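Protein chains in written order, with UniProt numbering: chain A, 1 to 304; chain B, 1 to 358; chain C, 1 to 438.
Don't read these hints as lab results, they were simulated from the structure.
Computed from a predicted structure; not experimentally measured.
No residue lacks a Cβ here, since even glycine has one placed at the ideal position from N, Cα and C.
Using 27 angstroms as the maximum straight-line C-alpha spacing, the simulated DSSO-like pairs for lysine-lysine come out as follows:
no., chain 1, residue 1, chain 2, residue 2
1, B, Lys167, C, Lys115
2, C, Lys120, B, Lys167
3, C, Lys296, C, Lys286
4, C, Lys427, B, Lys167
5, C, Lys172, C, Lys198
6, C, Lys93, C, Lys340
7, C, Lys120, C, Lys337
8, C, Lys364, C, Lys337
9, C, Lys91, B, Lys167
10, C, Lys303, A, Lys56
11, B, Lys350, A, Lys85
12, C, Lys60, C, Lys303
13, C, Lys253, A, Lys142
14, B, Lys167, C, Lys425
15, C, Lys417, B, Lys167
16, A, Lys56, C, Lys274
17, B, Lys167, C, Lys95
18, C, Lys286, A, Lys56
19, B, Lys129, A, Lys299
20, A, Lys142, C, Lys274
21, A, Lys85, B, Lys348
22, C, Lys309, C, Lys397
23, C, Lys417, C, Lys427
24, B, Lys348, B, Lys197
25, C, Lys309, A, Lys56
26, C, Lys296, C, Lys68
27, C, Lys253, C, Lys397
28, C, Lys397, C, Lys364
29, C, Lys309, C, Lys68
30, C, Lys397, A, Lys56
Derived Cβ-Cβ restraints for the label pairs, each shown as a range:
no., chain 1, residue 1, chain 2, residue 2, range
31, B, Glu336, A, Gln179, 24 to 32 angstroms
32, A, Ile124, C, Glu118, 54 to 62 angstroms
33, B, Ala176, C, Lys68, 33 to 41 angstroms
34, A, Leu145, B, Asp46, 55 to 63 angstroms
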Amino acid sequence: MRFFLEVLISGLLSGVMYSLVALGFVLIYKASGVFNFAQGAMVYLAALSVVGCMEKGVPLWLAIILAFIIMTLFGIATEKFVLRKLVNQPPITLFMATIGLAFFIEGLAPMVFGSDPRALDIGIVDEPIEAILNSWGMVISKFDLVAAAIAALLVTTLALFFQYTRIGRALRAVADDHQAALSIGIPLQHIWAIVWGVAGFVALVAGMLWGARNGVQFALTFTALKALPVLIIGGFTSVPGAIVGGLIIGASEKLAEIYLPPLMESAFGGNFGGIEGWFPYVLALGFLLIRPEGLFGEKHIDRV
Amino acid sequence: MLYREAGQFKSSYAADQQLFPIRQDRIGVILLLVVAFVVVPMVAGDYWFSAILIPFLIFALAALGLNLLTGYAGQLSLGSAAFMAVGAYAAYNFQLRIDGLPMVLSFALAGLTAAGVGILFGLPSLWIKGFYLAVATLAAQFFIVWCLTKFPWFSNHSSSGVISTQKITFFGYVVASPREKYLLVLTLVTVLALAAKNLVRSSTGRAWMAVRDMDVAAEVIGIRLMPTKLLAFAVSSFYCGVAGALYAFCYLGSVEPDGFSLDMSFRILFMIIIGGMGSILGSFLGAAFILLLPIFLDITLPALAGLLGLPFSNATVSHIQILVFGALIMFFLIVEPHGLARLWQIAKEKLRLWPFPH
Amino acid sequence: MFAYRKPLLMTAVSLALLSQAASAEDQFFPITSYRVGPYGANGQSFYGGFVDYLNYVNLKDGGINGVKLVWEECETEYNNAKGVECYERMKAKAKVSTGPIHTMSTGVAYALIDKATEDKIPLAMMGYGRTDAVDGSVFPYAFPLVTTYQMQASAILKFIKDKEKGSLDGKKIVFLYHDSAYGKEPIVALQEEAKLNKFTLIQIPVAHPGNEQSAQWLKIRQENPDYVIFWGWGVMNQTALKAAQKVGFAREKMIGSWWAGSEEDTVPAGDAAKGYMAATWNVAGKDVPLIADIEKVVYGAGKGDLQDKTKLGTILYNRGVSAAVLSVEALRGAQAKYGKGKPVNGEQVRWALENLNITDARLKEIGAVNLLPPIKTSCTNHEGSGMVKIQQWDGAKWVPVSGWIEGNKELIHPLFKTSAQQYAKEKNITPRDCAKES
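Just chain A, with the same shape it has in the complex (with noise of 0.2 angstroms):
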């Protein structure tokens, strides 16, 4: 039992990672749907400008100002000589088009900063907090607690940002109905430009709780697939779903890593695990065939 709890905990503090990724998706994909491939390089730039930043005797406050200068600046120039050229186009365009901006990121970001896989540091060490330890004897780290916290500081900002501010507003009427915005006055463009500074800022915190955990290089760019079942099950749209999402793919993964291969081994003998890879999307499949949109996704009415 305690076995079971510490697996399950530590999946749902991994899953919280997951969801960090996935935000940025649901962010673009709500403001503007597109599919933006490019998250995971975008998450990698991210952590590479700070670390790059860091290189050059900058301290970590200031190089993330400039990380999340750049990604700003990134985001505007993505919407203004990419993205605005394309409105119109159906959404497979718009999505390669984004693939396109990730192999440009992976090319340009270690270009300019450098490809060593590199540490950084944010000071908080990823070890087992003693208290718990020694009096349950169980593993749980400093280091997924405070990203957990900065995860749900991130959403409950994002909830605000988007229920209460004047930007939020216009941003959720973009969402609804891209052309009923334009014809009541709010400028798509501006708006598309903000999503992308903002997708940009859950990039940089991302690539920063995830360069501190394994190091800032290019595996940084796989973090997406990790993100994508989380998509499907809390919906592309949500983002209270990537959250719960998250949640659902962290701890039933690491279960299922634990608790399945030696099951099969029973069935099939040999030696099996290894199931992470392809657990989180039958999961993802499995929630698709009961809600073929998602936990918190809108119902889409198909009409002739």
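Starting from the known structure of chain A, arrange chains B and C on it as the hints suggest.
Then chains B and C, alone, in the frame of chain A:
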């Protein structure tokens, strides 16, 4: 002037329904085939066969398969590489386990196996669509590769999971040199491409397109969604499976499951988007573009950097290469969102009037 | 149609231009390198060292017996298909004269074995690649030199056994591995060793890319093994070290393969890497006389390949140098047999690789002490050594903590023989008779 169909009268149904109804197209295709089957084998060297033409044809075939599914039937898939893996491992196992099975039969069986797996993973398409479906096909991508890694039977218990393909024989004749392999691949690709061209204008193809444009509407006019969608998955996977078998047997010679990565699925998707969705020709153009552009950049950029005396290190050149690749994809999408095939169509329109456009 | 003919044409033109660069008097090296992508950082160090040593030989001695070394690099991005394209691109030149090809990728090496055998171009797979190619009778052109995954795993076990006062009886050892060809290779050897030494072996795979391992490490914590043998690659390495810290598993009980033992693997993990051990066959540091001399001669002349000079003397840089030293020694051997002062072709280099004899004295002579173990190859043994050192990360640098350790050859080599024979049977290859080779 050159490309004018005026004056070509169809006096029978057969003439009107042929695969290439315009005389210039017929001549063009025949010329192309003559070049591909006769001229190229005479002039091209080993490098061209092994490193460019064979992979180009194989990827064009895979892109064609995906195009049938995505471009014609409107079902977005990100698992093409996994279906190629099924084809590759199936062909290997058929050769290994059935003595004296002719190679071509083994390729066909590999395609059928892939088609079966494709139907299985196509089932969710009955419920879900769009990007949700795309992400669901990722389940196929990861699950299939994992299965091939985990069950040692598939790789004949090799300790590493890598398979090394058998010799390709035709009734005792061994296909070994790059030129012979090229001809084999070319023949299969030609046959399958013409078959696809024929298929998409048949009632099946029209049903696919109706489903693509709006599946609810298609259902209303009496197209049964389930068989239509599943057939699209089956045919698409068949093409991918054959492409995978060719990839293993005629191109690499030894493959591991990890080689059929998500990255490869994406590459195939690029090919059809850049080349043109819903176009047979587009699959070929896209495959050429995506495969040749990196090679071209790889060869020219360092030379260019050297020529201009830029102090680039090797790593920088490689990074620029990826950057330019990404930028060119975006550029092409902005310039021509419907792909290279659309450019070709525009060129045809122009040619129709040329040289008297008014 | 038009859209792709033009690039094709230009490719052809640029190919024609490139192929004029090398002259017939020079010794050509085809280099299939990777400097971008997920593993780009590793490639930059390795191929930096490799190219620097070739440059060094040119600058210092004017080449090998007066034959200048020239090379061409082609980026594979650690991708099998691109590796094949690179190989085919450089093949025409490599058929005239060639050094051994180092792919630094098991996948690319696998894809090239048949082609290279046919084209008579030797493949050097130092510590990776197709391991049963140790049996040269079936694989004449493939050389898994220095060590293989199996021999390495065996050597690591020997190291543990020595630490445990000569017995592994009743111990529990976890094998945590990257779930791919690379990670799976040593399993056979570990299972045999487990039978022989009566320890419990627990295999735990990690799915690619391995940036999430909390489940695996919780399992390790629950099993509470005596040691973890670790076959990681890329981001999996840092993640494992961090996760070990997270569950409080002592890093001193964790021993990695040589793909998991460079500065690129430990530095990003920060303090979590301290105490971690890994196998290697070359030491780190600039105090190796050869490395110091390369810095003086090559970088002194401003011809260094590294963009980031701090990489000089790192594990992977020095490994690149060790690979180049081995290649150049093979070329010297080939020239000695087939005519000094002339470039040698693949067949001749193959002979030299099969009759390699690099002694300690020779290593000392070129200043490459501790960059390579002594190597003596033969037709039946393409590995030639099977020795590794164990090194430990002290928080700032890798420190060797053992001498050369040889894996259990009597146990492991027969496994290669069986596997090679199965391959020969599948492929209808008649093995050479090694007794007749000289």
